[in-house]
Amino acid sequence: MEQYVQEKSLPVAYPKEAAETHVKRKSSFIAALPFIGPFLILIVLFYLVPVVLTIVMSFTGMDFTLEWKFVGLKNYIKLCQDKSAGIAALNTLKYVASTLLINVGFGFLLAITTTYFTKKQNTGLLFQTIWMLPRMTPAVIYALLWLWFLDPTEYGMLNAFFGKLFNAPPRDWILTSPMPVVIIANGLIGASLGMVVFSAAIKSIPESYFHAASVDGATDWDIIRYVIIPFLKWPIMFMTIWQTLSLLTSYEYILLITDGGPLNKSEVWALYSYHKAFGSYEFGYGAAISVVLVIIAVIIALVMLKVFGYDAMMNRGKTKVQG
Amino acid sequence: MPQVKRNKRGILHSAPIYIFLILVSLPIVIAYLWLFASSFSSKLTLGIFPKGLTLNNWRFLWSEIKLGLTAFESIWPVTLNSILLAGSITILEVIISLLAGFALSRMDFPGKDLIMKTTIILHAFPGVALLIALFYVLNFINLLDSIMGVVLVKVALELPMATWMIKGFFDEIPWELEWAAYIDGCNKFQLWYKVILPQIKPGISAVAIFAFLAGWSEFIYSYTFLFSSEHYTLAVFLKNLIGDFRFLDYGLLAAAGLFYLIPVIVFFLISQKSLMKINFGGIKG
Amino acid sequence: MKKTLKTLVVILLALGLVLSGCGGRPEESAEPATAPVTETVVFEVESYGSPADATRVTNLEEAAQELNEILQEKGDNRRVEVKANHVSSGYDEYNQKFMLAHKTGAGADIRTISHSDIAMMAEGGYILELDDYINDSEWGKYVKDIYPNLWDAAKWKSKIYGIPQDTEARTVYFRKDILRKLGWSEEDISELPEKIEKGQFTLDDMTSIAKEAVDKGFAKAGIYHRPNNGAFFPAMVYNFGGKLFNQETNKLVFDRKAIKDTLDYFYKLAQVDKVLPTGMTSMEWRQIHQNWVEGHVLFWYGGTWHWAEYQEVEYHGELGKLTEDYMFENMGYALIPAASKGGKPVTLSQPYVYVINSNTEHPDLAFALVAISSQPKYNAKHAVGSGHLVISPLAAEEPLYKENTFLSDVQYMLDYTKLQPNHHEFGKFTSALFKAIQSVEIGEYDPEKALNWLEEQVKNDIDEIEFID
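Chains as they are written, first to last, in the numbering used here: chain A, 1 to 323; chain B, 324 to 608; chain C, 609 to 1077.
In short, the hints are calculated from the structure, not lab data. Positions of the beta carbon are idealized from the N, C-alpha and C atoms, including for glycine. Take these hints with a grain of salt, some might be off.
Said to hold, decoys possible - So these bits of chain C aren't anywhere near chain A, every CB distance computed over 12 Å: (1) ASP684; (2) ASN757; (3) ARG788; (4) LEU790; (5) GLU820; (6) LEU1008; (7) SER1039.
What the hints assert, rightly or not - Listed next, with one range per pair, are the computed distances between beta-carbon atoms: (8) C:TRP893 <-> B:SER552: 20 to 28 Å; (9) A:ALA97 <-> C:ASN757: 38 to 46 Å; (10) C:TRP893 <-> B:GLU553: 28 to 36 Å; (11) C:ASP760 <-> A:VAL303: 57 to 65 Å; (12) B:ILE342 <-> C:GLU701: 40 to 48 Å; (13) B:ILE353 <-> C:TRP893: 21 to 29 Å; (14) B:TRP385 <-> C:ASP1023: 45 to 53 Å; (15) B:VAL589 <-> A:ASP216: 36 to 44 Å; (16) B:ILE353 <-> C:PRO1007: 49 to 57 Å; (17) C:ASN757 <-> A:LEU90: 44 to 52 Å.
Build the full structure now, drawing on both the sequences and the hints.
In structure tokens:
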């Protein structure tokens, strides 16, 4: 096995005296197979093959008969003329951008506050558990909680609250502001993923870093800026890309809370695909809608990887930090 | 852990942090307290305060629920199915992602780049769009109406995320550790198992939590690919309980929802706590 | 080295277990004989409906006993066994699961579906055409008596694909207690259904009384309707003289004028007269029922099946389940009033039908089972238990059914009833129609704009539709 050491600049700005080595080993595919094999089998069988099948399906007029009737580009031509699709695309843009901000930004805030600032671990854990609740709740129950919470009559929790406090008349939250409802409902769930991943990453920062920083008289802000953020660069980048893609394809909570309504106001692209496929049995058309989403998502993913520096991310594993 | 160097600062300093945390968490706490209170209330209004203490909503724990002529399955076998499903998903997902994450982080082999890029791109495919195609695949390998079929599908869909996450944790491990192990004559599996794994426990815990959560709340594939009632999971049971007809009282629903929630909360707390102890016990003592 | 091996073995075992330890699907439902003398035919049957509708399958279980006795007498060595499943959640998924299972050669042998899905199921080859069994088989006699209009509902391209199982009617319920507060005499109240039937009391009258009740503070809302897509909305299009289907061309029809009138109606209710909550379409079912049974709403566009539901489910905050006496005292029921004076009132029925899987191995026995369960004694039991109407005049004569005041009272509604078209694209039409109605109720669009939106939507989504003015 070939091994060599290589010098490389360190992504971590602190501590000053840190040295780094970069080690790379060449392995054959066969050597990696025991590790990567099970992964590949599952991915190919239950991911790659279905994806290919779905792409093929997008060129068929598969409907309630479930027959593969090839129709060429018909679905794609139809999609180009579909006004509802345009609305769905716009909604998706709004939805993804806003929810992403909550998922990553607020998730980071929660991770910092519960892991770094909270002195007692149990207290931090308590808050983390609270924030995990929405994610742990089965989707149907979570959606029902929202529906009860936002019930348009004066019995709805939010209306009762505003009614008692400000004597405000009951409002129909879901019908008047479907997008904010959908964004917040999803954000509450998404933020916890960021929180857990970022917290785990903060915990894996070697203790000596904090120690050294604090001896140097660094403020909390310094520590966040120069220790935590550089260390969390990779998880944050990963989360951003990942959540973007997740949000692009997410539809379940929207389906349960607003079902895309009223009219098309909260209909996002993935939900539109679902509605077409399972609401009106246009499986071929639904598949075409998904395929377009994939093309867009792939472009976004590639751009993001480029911007964040894919190679740097890939080669992180060979970076070694001495504390 | 961070708290060491922070004892010199007083309560005052962290007060804004706590106020912030409490404020943002309050709505969630209220909502779930309300859910909890509802499950013990006989009369449930949609308002803020449920009333009338009762255990009746939890009756599904000891008796079967009957609605008209329909009797629902007892909740216990259904719960067992859910445990089997979520447990298998967690174990498989953790093992496979640990193996793959190690290879992707620590080895350099042809096709690695392609694999990593492909898995990200695959994630861009809406899971629901795959339902029909997955149906054909499962039918082809004769795994329809089998819990293991759902397990494999779910693991495959969750794997890219888990693997990328694990890879990130492997990446953070100092190379020297590995180096030392090689010098000691460890081979790759020993290295993986004895040296590296203990280093990334927080990562394993994170992956395990999300795998278990994904398995526990898995609904659409169980609902679509499991036909026989003896394979029903809690999510499917709950969906059937709610029904399209809203016949059931919300109290029962709240109780069933909480019953569904409890195992995950416990799992989350255990995995979080035990891992923290292992990693930071020294500092605590 | 040992450690490594151990790890490897564990992993391989785990994988092996996963890949192999998963049994195949259960065998085909009809199994070969275990005993030499009789052959047991297992029928998987499934039905959809509220829990009270479970008689849709339990009737088949009982009919199996009867069938087996007949088979024994005939010397037929086959015996039928029923494996029943009643589903109360997700009608679309209920059908989709069957369609997928059918593709693998499986799927329940006998199912109940809404008659309006016959087109889809028949066109897709999922279910058997039944004309020969009905006309020529020895079991045909059990179903001869079924009302002709129900047979029409079970037809696709003039062939019969389903055996009617039950039917219902959509009614307007009204609160007698609120009308009394408005100064109506008992006589006025008891005459209302008749006035509606004769076309003397119209939709506009209904709206103005609702407005009066709301203005005087006797009701929180004047009128409620269902919160989600459903057959009620096409019924209103019929009420405004609309046509939904062209029998000759087998195409759906988009009747601009009637749809515009329908949209105008709902716009007026919610936005002009404000007798209907603008957020009607985002309300929870349970909340709707609670407000209704507690007497906060004057009119409720419900259905006959709700009558049974209010006696079964604790919707009322204080009374819980309602007694029928309370209901007769406080609630009345009538057809949906005509849109104009002297017009004909309407209601709409959505009969449920038994259909037989085209994969089934013993279609003759499946048909026999369904036919036997169509007899009055079974059918009346289902009707009374679930608030549905029976399928034949003979069943209407069953003592159990005749004793039921409510059902006997509403039986006449079948003379006014309409059906939804059996066309596979009709579901797309109703869901778009619902959205358009929602948009005028919340004040997002005015009726004109909503009509244009709907027309564009329909043009885009539906292939087989023609437009008339």
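So, going through the hints one by one against the coordinates:
The beta carbon of ASP684 of chain C is kept farther than 12 Å from every beta carbon of chain A, the shortest such distance being approximately 35 Å. Once the 12 Å rule is applied to beta carbons, ASN757 of chain C is consistent with being away from chain A; the minimum gap is 26 Å. With a least CB separation of 25 Å from chain A, ARG788 of chain C remains clear of the 12 Å interface cut-off, as annotated. The non-interface label for LEU790 of chain C is consistent with chain A: the shortest C-beta to C-beta separation is roughly 23 Å, beyond 12 Å.
For GLU820 of chain C, the requirement that its beta carbon stay farther than 12 Å from each beta carbon of chain A is met, with the minimum near 22 Å. Distance to chain A confirms LEU1008 of chain C as a non-interface residue, since its nearest Cβ pair spans about 38 Å, more than 12 Å. A Cβ of chain A approaches the Cβ of SER1039 of chain C within 12 Å, the least distance being about 7 Å, so the stated non-interface status is violated. At roughly 25 Å, the beta carbons of TRP893 of chain C and SER552 of chain B sit within the given window of 20 to 28 Å.
A hinted range of 38 to 46 Å for the beta carbons of ALA97 of chain A and ASN757 of chain C is inconsistent with their spacing of about 54 Å. Taking 28 to 36 Å as the suggested C-beta distance range, the pair TRP893 of chain C and GLU553 of chain B conforms, at roughly 30 Å. For ASP760 of chain C paired with VAL303 of chain A, a C-beta distance near 59 Å keeps the hint of 57 to 65 Å intact. The given range of 40 to 48 Å is respected by ILE342 of chain B and GLU701 of chain C, whose C-beta atoms sit roughly 46 Å from each other.
Separation of ILE353 of chain B from TRP893 of chain C is about 25 Å and conforms to the stated range, judged on CB atoms against 21 to 29 Å. Range check, TRP385 of chain B to ASP1023 of chain C: about 50 Å between beta-carbon atoms, so the 45 to 53 Å window is met. Between VAL589 of chain B and ASP216 of chain A the Cβ separation comes to about 42 Å, which falls inside the hinted range of 36 to 44 Å. A hinted range of 49 to 57 Å holds for the C-beta pair ILE353 of chain B and PRO1007 of chain C, which are about 55 Å apart.
Evaluation of the 44 to 52 Å hint for ASN757 of chain C and LEU90 of chain A yields a pass: the beta carbon distance comes to about 47 Å.
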